[in-house]
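Student: Each residue of the sequence shown is one higher than the one before, counting from 1 in the numbering used here.
Please note: incorrect hints may appear among the correct ones.
[Unchecked claim] Straight-line Cα separation of at most 25 Å, PhoX-like style, residue types lysine-lysine; simulated pairs:
#1 K123 to K136
#2 K123 to K197
#3 K136 to K197
[What the hints assert, rightly or not] Derived DEER-like restraints, expressed as beta-carbon distance ranges:
#4 E162 to G84: 41 to 51 Å
#5 G93 to T18: 44 to 54 Å
#6 D194 to G93: 33 to 43 Å
#7 P55 to G84: 36 to 46 Å
#8 S28 to R108: 43 to 53 Å
#9 N114 to D86: 29 to 39 Å
#10 P91 to I27: 24 to 34 Å
Hints in this document: simulated from the structure, not taken from any laboratory.
Glycine included, C-beta positions come from ideal geometry on N, C-alpha and C.
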Amino acid sequence: MHGHDTLIVVRDLHQLLTQIASEKMGISDLSRLPLVLVSNSIGGALARLYAQEYPGTVAGLLFLDSVLANSDFVSIYPDPDAPGFDPTSLPEGVTVDSIRAARAYMQRVFHPSNGSREGLSRKNLAQLLPDSDGPKLQGPDGRGPWVTVVGHEFEAFKVEFEQMGGALPRLTEVYMNPYWHRFNQGLAKLTEPDRSKGPLLAPGAGHFVQRDNPEFVFNELRGILDRVL
1 MHGHDTLIVV RDLHQLLTQI ASEKMGISDL SRLPLVLVSN SIGGALARLY AQEYPGTVAG
61 LLFLDSVLAN SDFVSIYPDP DAPGFDPTSL PEGVTVDSIR AARAYMQRVF HPSNGSREGL
121 SRKNLAQLLP DSDGPKLQGP DGRGPWVTVV GHEFEAFKVE FEQMGGALPR LTEVYMNPYW
181 HRFNQGLAKL TEPDRSKGPL LAPGAGHFVQ RDNPEFVFNE LRGILDRVL
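Could you put the whole structure together from the sequences, leaning on the hints where they help?
Tutor: Take a look at the structure:
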């Protein structure tokens, strides 16, 4: 179902935070309340869009295995039907059939054309966030926010993704993990180098980093708060 897009969610979040700040903290101007946003999965895109839409308000960002905002997910894997595709060029342990199966799964489950039960649409997400490394974000002090980028542990995610029905571990090793890590390297460039940390790999964690290694998340969040507060 496609009911609303990520920008609408971000504006709703801003309204919610504005109301909470006013009613619970007596702060009428949200720009006086530096925010630290902790996000997982699709939340990573929402946090980025929030910082873009409301520059100067976000002091820190902790990304936990952020969604691949500029990807259709299918093209992470090569297209065996593309002109000039050479099956003999495939890495050891990768077959045409396994690639077809992985692409079909991605099309069915994660392609942006698919809606969600919550009605959140990702149809225009790649247009809103076409690059993982930009645009650069602005924090409350005129500089970039403190940014820490955390990704899943490669071995843990290989197992998790296969259990989800996504792809064989070998395909995750060859295609998905390197692709995601490059995306995370881009996220680390959203701020100035001296305010950036990562990408880190959360030990033992699959996609839901906060569930699989909460202590790691706590420590990284504490590191941001120590700099912001």
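Student: Now tell me if each hint is right for this structure.
Tutor: Evaluation of the provided hints:
1. K123 to K136: holds, 23 Å
2. K123 to K197: It is violated: about 30 Å lies between the C-alpha atoms, which goes past 25 Å.
3. K136 to K197: holds, 15 Å
4. E162 to G84: 41 to 51 Å: violated, 30 Å
5. G93 to T18: 44 to 54 Å: Holds - the Cβ-Cβ distance for G93 and T18, about 52 Å, lies within 44 to 54 Å.
6. D194 to G93: 33 to 43 Å: holds, 41 Å
7. P55 to G84: 36 to 46 Å: holds, 44 Å
8. S28 to R108: 43 to 53 Å: holds, 47 Å
9. N114 to D86: 29 to 39 Å: holds, 31 Å
10. P91 to I27: 24 to 34 Å: violated, 55 Å
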